[in-house]
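S.K.: Fit chain B to the supplied structure of chain A, relying on the hints for placement.
Sequence order for the protein chains is A and B. Following our numbering, the numbering of the first sequence begins with 8 at its first residue and continues without gaps. Following our numbering, the numbering of the second sequence begins with 1281 at its first residue and continues without gaps.
A hint or two may mislead.
As the list claims (entries may be wrong) - FRET-style restraints, in silico, Cβ to Cβ:
(1) A:83 x B:1374: 29 to 37 angstroms
(2) B:1290 x A:413: 41 to 49 angstroms
(3) A:148 x B:1341: 37 to 45 angstroms
(4) A:249 x B:1295: 25 to 33 angstroms
(5) A:376 x B:1358: 34 to 42 angstroms
(6) A:241 x B:1350: 27 to 35 angstroms
Derived from the structure by calculation, the hints contain no laboratory data. Note that CB positions come from ideal geometry on N, CA and C, so glycine has one too.
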Amino acid sequence: MDTVNFRDLSVEEFDTTTMLEHATQQAIQRRYEDFFIADIDGHHYETASFAKICDYIEDPVMRDQAKYQGFGGSGIAGANGASQELGGRVTRYPGRRKEKTPPTPHRDITLTKRWMDAIGIDQVCMFPTPMLSLGLTPRAEVEVALSRAYNRWLCEEILPAEPRIKSSLYLPINDPEATYQMVKDFGGKPGVIGFTICSPHYKAVYDNAYMKSYALIEEMGLPLVFHGAFAWGGDQSMSLCNRFLAVHALGFSWFNILHCTNWLCNGMPERFPKLKTIWVESGLAWIPFLMQRLDNEWMMRSSEVPLLKRRPSDYMREMYYSTQPMEMVHNREALELTFKMINAETQLMYASDYPHWDMDLPSTIYDLPFLSEQAKRNILGGNAKKVFNLDPTISEVKAQRLASRPAQ
Amino acid sequence: MSEVLVCKDGEIVEGGVRVITAGEVEIGVIRHGGKYYAYRNHCPHQGGPVCEGVRMPAVLDIIAPDRTFLQQDYDKNDMHIVCPWHAYEFHLEDGVNVCDKRIRLQKFNVVEKNGAVYVNV
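Next comes chain B alone, as it looks inside the complex:
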């Protein structure tokens, strides 16, 4: 395993993405809520550049106690990585697909030290 420099802390703006190529592997490093997340930039569906799309919060149907539909809302505590090719969605926190837990993005460990951001590849 090697430690790969991604950037100086702050170079990726909040909500931004930097796609790095480390050897044969493309990795998307996402900054969200002040934290960094790194995933292989490859969607298990058709191979799309999954980190190059938008991040969207989970959408919820709000159902009343009497089971009537009230409205939809966003759950901002559950951000999703959305593949730009077909909109397959994955939880930002762990890279697990929101529809099928057996499908997941390859996650890389992110290390922040000495004012810089690294991923372990």
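Chain A with its partners taken away, still in its complex shape:
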């Protein structure tokens, strides 16, 4: 009879490193210490620091309102609900709230580095979570005040304290002047590697009011990120959905399909030829759909979009995309074709979306049999290094793993 080691889960406290132990095993087996891995879409829960972020709201009355009211409602009757936890099935949501961290550094830094190290990620572009839907607030001034406070907090308390954490800052899209001011004020801050339009909103991205912001972002050499998310309450189409699966599957792609279509039909790639656009967290299946659909219509109606000198899909092949949530259930052939259609080797960038429920590990890319070793490394970090101008230093954990490897 053998004796064994065991863990009794009924008495064990939640810990990110333990929860992701299998991800660490994958990192070791696949020798991720041999190359740089960037995650262009990781998240934190800014609401955990909401009181502190509120201190950065410049309007004293709104500051008090925000502190008193909190950020938003997430109960079952709320517009967006809290369905991410899947009725308690995805245990890291409640677990993380109770996870122990030391007094310093900031809790978000500790938790973020824990999951990055466990997974094998060297650098992350960190995004907020509930704020992805801030563009749907009926009060534009609230979007401006909260996003400015969040960006200030991030640039003063998080980014300078941890060089492995970067961010592409939130733009308050409902106020074009404030959007421009945000780019001007934060474009040169350490750790700021781009600007982000959170896609659920009802402003047209081709509005002339945004041109000077796009021009400035282009001049700064920074990418413009369109981060997908969903709208539920308040969106007449999505309000027809009664299951979160439907809202999520459609919403995260839909808003980027909408903005990408308008971006192309208004000739923005011709107007801003050096502005790199990145379409994040919409998966990949929408891209071949949109390429085919727009090309077909363009052949008949090019007179409506005279700025486009090439097929819409030609411009889309020069855009950038994040991997997650990558559709990969019994569709290997379709996935391979999608990678080919978007020039994945140079245009696709790995994203984990951790800690969200549909997160993807680097193995989702590394284990694809149709990719060359170079293509895998490009998608997992090399492309992000170029697009975001990152310093490709591997993490301390991976460097130690590399150093302790026996000589061959």
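M.R.: Leaving out everything else, chain B in the frame of chain A:
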């Protein structure tokens, strides 16, 4: 095949899980309804620690004879193992994925004897 001691009977509380490491293999031993189930602690999806999550009963849509929707309910006779990483679900009884029968957890035989619980590895 070797017989590996998991615990004395009763050491795993009802609804509890003990994860053991036998050689290279991590096995989750689950106690539910007074019975023991043992599966490799590895989700075929992305490799998550599938036995370390919650167990939830199957969810049913209740449809009336006239095919109108009435409500949802739990089927407590069909408990699911839910992977904590992405919520992939597997039938507790046989480890088969609830969406695709081709996907299944590796099952281990559990033996109770002399007041102790063993798995055959």
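S.K.: Can you name, in rising order, the numbers of the hints this structure does not satisfy?
M.R.: none
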